[in-house]
Amino acid sequence: MRELKSIHKMGFRLLKMIHREDSTIIPLHLLELCLSLAQIYAGLFLTAGLIDALLTGAYAEAAWQAGYLLGANLLLGLAKYLLRRRFQSLGTRLWLTFYVWLREKVFAMDYESMEKPEVAEKILFSERTSDMYGGLDNLLNHYCNILQSILNLVLSVSLVIHLCLTRPAPGLGLVGGLAAPGPSLALFAALLFGMCACSWRAFSKYAAKQLEIFDSHTGVEERLSYMLNNVYGNEKAGKIIRIYGMEDMILENTAQSNQKSRDYFAKMCDVGNAANDANNLVSSVFAVGAYLLAALKVVAGAVTVGAFTRYAGALNQFGSACFSLISGHGELRKVCTTMEDFLAFLDMENPHASGSIPVEKRDDGEYELAFENVSFHYPGSEEPVLKDVSFKLRIRGKLAVVGRNGAGKTTFIKLLCRLYEPTQGRITLNGTDIRKYDEEEYRRIFGVVFQDFKLFAFPVWENLAAGYERQDDRIWRALEQADAAELVRNMDKGLDTWLYKGVEDGVEISGGEAQKLALARALYKDAPVVILDEPTAALDPKAEAFVYERFGQMTEGRTSIYISHRMSSCRFCDEIIVFEDGKIVEQGDHETLLNAGGSYARMWEAQARYYA
Amino acid sequence: MKRQKDAESVKKYAMWDNCRYAFRHLRQKEGAGALAVCGGDVSLGVLLPFLEAALAGAVAAILVSGRQAGEILLLAAGYVALLQTVRFLQGHLRRQRVKTLFLLRIDMGVDFFRKTVWMDGQSLESAQGRKKWQDAMRNLYWGNNLGMEAYTKAWCDLLLQLMGLMLYGVIVGRISLILLVVLILQTLLVSYFHTKAGKHAYGLENEIEKKWGTFRYLRQETVVPGNGKDIRMYRMDKWFLGLFRRLIDGACALIDRQQTGHMAAGMAENLLTFARSAIVYGWLIREMAMGNMTLPSFLLYVGIVAGFGAWMNGLFEAWRQIMENEKILDDYRDFMDFGMVEEGKPGPERPGSIHEIRFEHVCFRYGGSDEDTIRDLNLTIRPGERLALVGLNGAGKTTLIKLLCGLYRPTSGAVYLDGKNIQSLDQRAVFREFAVVFQDVFAFSFPLADNVSCVDCGREDPHRLRESLEKAGLWERVQTLPRQTRTSMNKDLDEAGVTLSGGEMQKLMLARALYKDAPTVILDEPTAALDPIAESEMYEKYDELVQGRTAVFISHRLSSTRFCDRILFLEKGRVAEEGTHEELMQKGGSYAELFALQARYYRESREAAAN
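Going down the list, the protein sequences come from chains A and B.
Just so you know, we're using the working numbering here: the first sequence kicks off at 1 and counts up by one.
Just so you know, we're using the working numbering here: the second sequence kicks off at 1001 and counts up by one.
Just chain A, same shape as in the assembly (with noise of 0.2 Å):
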């Protein structure tokens, strides 16, 4: 019963949810319903009516009753394709909306938050269950049929009650007394009753089967897509598989998933036809003996023959609402089941609150910050990345960062840019904890090229403008500092052109020039700081040569971080910082770091030496 409540609790925020999205499709889908449960029973009353009149052999009055039958279905008949038109782009633009929602969500929560691997397995599931039991627009459709059984099974109970209430014609003997008021809502309550208890034993005793089975079959499939999407489907691991001869490996592992999921699913149809089966079965008896009941009041003179099709008609209603009504409630309680973490997932709230203070404009640049004593450990882990670091950005410096892999350089960047939260210590903007501002005011003064920057399948102005708006001139110039006009004005449509072959035709750019226009969209922002991450890694020494000699009249104006694995890239910064171990171990310029024979020494010798 807790069960149940909790199950509409979540059933009607939902509803809730579609109704706020569009106010149409509720009443649309409610007129609807009344308008076939209409149909149904005019049909059934006027062809009583006219086979009654057949029999008696008035054919004029069967001609109208005729008529009238079929003009009501016409009517009836026009006015649902009318309605119903819109049905299919409503059902579409919910069920799609649903992911929008889930995005909503996804995009407002912390960055810190979706990096969790629970965060990204309750999205993964959400999605994955509404692609496969369908979403909202299920969700509608079943308790529309809910609602249209429960319907259903008054107008028809009050007729068969009706049909029991009728009395026989005296002096049948045992048929008659069968056929009496008394024993006929006996006999009907008896089969009612044997009907339900048949069903509900059947569907729990399936239903518990079924959920057994599912509960113990778990990551099959993951797995499956998994290898069609990222192995099969992936066109950088063909050449892998191919020269290190993992055929057979791969085939043998995707062979041994596939067994299991046709066993699940092989199970599964099983037990739903079990369950179908004894549905049915216990339908079928049902049927007869409903079918009985109405011959046995036609037998004993109570009805005539047209009001036996009427009654017979209505006890065939009876028996398809139970069993829509059972059936419709199960597929409710699956939908609503899996979509409780859809919505755990929109209750989900940010671990940190969010500022609200807006950071103040300024056309001189002057945004200081600093970092003061901040620690940090990812969340889930134990191992610090940083320790301890105190530091203060030289405003309108350039500021290189260096240090070896896993020394805590990116997340360095990542504490700055706000994408996660010092554990110790605080970051201030002009000695404001960071905290404090708007978040998205705050990140507005950074243009940042991470080193796994990405750029979408649409058009180069679009990966460029992104989230702000389209200036043109802004864009070539932006373009012309990054040195990719050249690239783009080659391109077939110039700024409207569409990158990679993901949605559009559009061109395949190599790793250098993707990163050139990384670079672009960066500078287009406008941002004080300018933060660039590995940045030359995928371009030829002539590429990475442009680069450093246009550093500085890309980043003029603006405080600028430079974080890079070549050396070289270190003359051309006034400060460098370098990272061990999470912690700045050296500060100061190429010169005196050199002479001071530390870690950059070294690292600046290991290049170094091969270009003497």
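It is worth saying that the hints were derived from the structure and are not from the lab.
Backbone N, C-alpha and C fix where the C-beta goes; we use that ideal spot for every residue, glycine too.
Nothing false has been slipped in among the hints.
Here are the in silico distance ranges between beta carbons for each label pair:
#, chain 1, residue 1, chain 2, residue 2, range
1, B, Ala-1576, A, Asn-234, 32 to 40 Å
2, A, Thr-218, B, Ala-1576, 55 to 63 Å
3, B, Ala-1576, A, Asp-581, 41 to 49 Å
4, A, Gln-259, B, Gly-1344, 24 to 32 Å
Dock chain B against the given chain A, drawing on the hints supplied.
Then chain B, alone, in the frame of chain A:
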């Protein structure tokens, strides 16, 4: 122009051939019982609607027969029981059929995977191959209503509807041919309207599909955790959410337009049904009035007439389904016949020993490109030689190594392994002679050990595994992982999986190449993500790493050329310069220029320090 050629290159198969293909596979994969299930479903599928249509008439006939009460009740119950039995059996068989066809789709996946893995890499990697793969995949992995499953089902349905239609046609035709003509005319008109609406809808399908494609892409990318950084830094949430809404609005507007057509067709059908029913009822009532017909047959004919249209519609629907999936099946079979699977070629003569590799007038051009990527290239790599391959982006370095290890076939010219044309040798055997670190670092989401050894868990040589990880400089890091070498890579398949950093991934790729212990080692940009110390360590260890092997090293870091015997400077698909570092520096050509460019920042400092 080029697209059209691509589209034409998909092989077409005759419809009967596809039908045979489907049912042959059904028998092979699911056994002869599967065919029996389909057959049984068809016969019961015809019988059931007939019994249902006859129900009202039959019961009415029993009721007005004037028999004894008990007899009447028994007969009525008997008829209903018969009907229910058939219904029960039909339901059971129908679900069996659904199950069987679904399992067929799962089982066929194995063939598809085998084909993907065993066909030649060049065909699969080509733009055409990628497209064919994507199209073929739809046959099995786009749900129950598309591809193999739907196609086989549609043929069963077609047979069912045809038989039902014939049965009903005979029944109606026996009492009145005119009535039969009216029925056929009405259903033809109805299907004409529906076909028209369908065509109208189909015309918009492309546009909708395009929006779908974008939606799918955006859906995927927006939840990739790594993309979250750029999304937050560039306010892309505004861009993407707006785009999502626009896509939904656009797609829904198109669907509405489709549905308007369907609605008009539906209303026309309603009107036509009204007209047909008016004629039929009028005729039947007249027949009854004239005493030519009894009530039970009146009811039977009403049921039959109503059912006739359903058979006809079902027939058209089954036909439509077949036609819709015909293309998908063509695409699938086209892919399964695409590319090359070679057999019976000999392997290299001396497997496992160092080889001489020779390029003779090799040209290579990617499909769809109008320029050669490699042009008339001549090159001999001596056994045990250390070669450095340098050049600007797009000079053809990566293509060259794919030709070198036999992944790609030259468009003209030939590559020789110890004097034997690589094309004449067994490809997989040739691959065994090469260990390649490709530029794109990429690990399968399997345990780390599997990624290095490339065999299933537990079958690897633990000693060799450790040795290669140590040499690659990753062993210490592996010791800190939660399950050491058993730790899964990434979180796709294992929540406890670990994502390695770029530098660590490169070391992993190197470890894999070392584990393979092949006589030829090819390293494409193996140090791009390494820090200066790790990079220099690798340089220092390079001799040891490639000891006794032929080695090719590709890098933008020109310092790497110092420990190679010979440098090839590639420009526009040709060897523009070659020689040792000193020779090329003396020559003062493109290589020297490039080297100076990179060295400048290191040198100036030295000079500055010296001053």
